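Participant: So you can see what is in the structure, the chains are spelled out below.
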Amino acid sequence: MGELIDKLIFTVIAAVILLVIALLHVAYLTYAERKIIARMQQRLGPNRVGPRGLLQPIADMLKLLTKEDIVPYGVDKPIFYIAPFISLVCAGTGVALIPLWEKFVLSNINVGLLFILALSSLSAYGVILSGWASNSRYAFLGGLRASAQVVSYEIAMSLALLSVVLMAGSLNLMDIVKAQINSPYKIYLIPQIIAFFVFIISAIAECNRVPFDLPEAETELVAGYFVEYSAMRFAIFYLAEYFGMVVMSALAVTCFLGGWIGPFEVPYIPFFWFLIKLYFILFVYIWVRATLPRYRYDQLMGLGWKVLIPVAIVNLFLTAFLKLIV
Amino acid sequence: MNWDLVIFYYLAIAMIFSSVFAIFSRHPVYTVLLVLVMIVHQAFLLLTLGAEFLTAVQIIVYAGAILVLFLFVVYLINLRKETKKNIFIRKVSLITIVFLLFGALLVKNLLILISLKPSFKAYLPFNVEEKSNVWWIANYLFKNYLLQFEIIGVILLVAILGAVFLIRKVKTAE
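These protein sequence lines map, in sequence, to chains A and B.
All residue numbers for the first sequence refer to this note's numbering, where the first residue is 1142 and numbers rise by one.
All residue numbers for the second sequence refer to this note's numbering, where the first residue is 4 and numbers rise by one.
Same shape as in the complex, but just chain A:
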């Protein structure tokens, strides 16, 4: 019993540390996004709060915490209250399953990859329910679009990840990284380049980011599913979106870029290469947002069903075929 309690305490401490680090990353991801997009658009970005605007995320958080929490007339209250938390929990829990380092993974389960997919499919509920409960046309349309989009792109994403699973022969994320280290190219990016691109595109669509941000398209739906939310509940939706980005990027690093492995060991910072790769993928997300215009809805569905899914299936067959031969 004592051993069990020790393990429990250790797990709780590790979880709290991981959560704090992840929250800091999410907060400064918003700052990085504003700064990078500002640079790309010949602006300065936030530069008033603190040196170079570094305290901006904290100021934003304080502002959102102290604002009035408005509940509009006619909303379905229980669902309206609970929807942001569904989004946040489903997006954030994935962090616990990512192996950051050989000796640091909070929860090393045999089907870790499937659990992350399950969580990402559950996070659609936050969007759909908030859209419905808000009792507003804009929010409702945003929720409908999100549900169709998430269900379609999930298939392409799972198929892309399945080819990685075939290569590694395991659904355990730790084993996938180890299999990559032992493979001839060290990372699966080179043999699975097609799957990587399919995964990145569907991950952007899963997170409702530009160019697939139709559920929250500002020009047509004001803000889509969270248009009626304010103050902290609005902030929770924001947090969930960025958490989703971080988890999807970390999954890409784990499954395609070799996790913590790097060209040489960096002393004292075992997470160094993992973080570098993570930041690069997050930068790509932001880069895409600054560069591309939004897709039309039929184009979005066409891309998902007529391009990504067939390409992923062909890639899966090729991988299985090569695996049989070699």
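Hints in this document: simulated from the structure, not taken from any laboratory.
In this text, all values refer to a predicted model and were calculated from it rather than measured experimentally.
For glycine and all other residues, C-beta sits at the position ideal for the given N, C-alpha and C.
Treat the hints with caution; some may be incorrect.
Computed footprint of chain B on chain A; a stretch qualifies when at least three of its residues, placed anywhere within it, have a C-beta under 8 Å from a C-beta of chain B [unchecked claim]: (1) 1264-1270; (2) 1289-1296; (3) 1400-1410.
Below, computed lysine-lysine pairings styled on DSS-like, alpha-carbon distance capped at 27 Å [unchecked claim]: (4) K1218/A / K1208/A; (5) K1447/A / K146/B; (6) K1319/A / K1148/A; (7) K1148/A / K134/B; (8) K1319/A / K172/B; (9) K1204/A / K1319/A; (10) K1218/A / K1148/A; (11) K134/B / K146/B; (12) K1464/A / K174/B; (13) K1319/A / K1244/A; (14) K146/B / K1464/A; (15) K134/B / K1244/A; (16) K1327/A / K1447/A; (17) K1447/A / K174/B; (18) K1218/A / K1204/A; (19) K1244/A / K1327/A.
Derived DEER-like restraints, expressed as beta-carbon distance ranges [unchecked claim]: (20) S28/B / K1208/A: 31 to 39 Å; (21) I10/B / F1226/A: 22 to 30 Å; (22) K1208/A / I154/B: 52 to 60 Å; (23) I69/B / K1447/A: 31 to 39 Å; (24) I140/B / R1193/A: 50 to 58 Å; (25) I19/B / V1212/A: 28 to 36 Å; (26) V1212/A / Y33/B: 28 to 36 Å; (27) G1215/A / L164/B: 37 to 45 Å.
Since chain A is already given, all that's left is putting chain B on it; use the hints.
Facilitator: Positioned in the frame of chain A, the structure of chain B alone reads:
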């Protein structure tokens, strides 16, 4: 204190109550949500048996895909009148008797289950500690039950083809 049993009873009671409330709720969205609660608890019940793969698949397929489609349909059809009706069944009919019989059967089985005080993992047909349950499922599906598996695949394909045929636009000759 047997934690396995405590967790099992929590999950079982939560599943029964969420299913019953799902039947009696007059609001379609709440019904779907209660079924979601039921399915998530069911997934965790599978997890207590060591079937992680089935847990994940249960959530991905039922909660992530099928129930989302249910919600989609509920949103698209107008059910305002339905939600205002209160009484479920007015007349005592054959259905009630069948329902009561079924309930009695369920209670009897539950009592048997309680008297067994089972250690749940002993009932598993295979050892999940030895090999991962993905391996076991693949082994059973592709060796012992290959024919049944293929037949299900064909049936599902027929269903898909039927759906495509139904929504197909018929081009009239002009």
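Participant: Run the structure past the numbered hints and jot down the numbers of the failing ones, going up.
Facilitator: Violated hints: 3, 5, 8, 9, 10, 12, 16, 23 and 26; rest satisfied.
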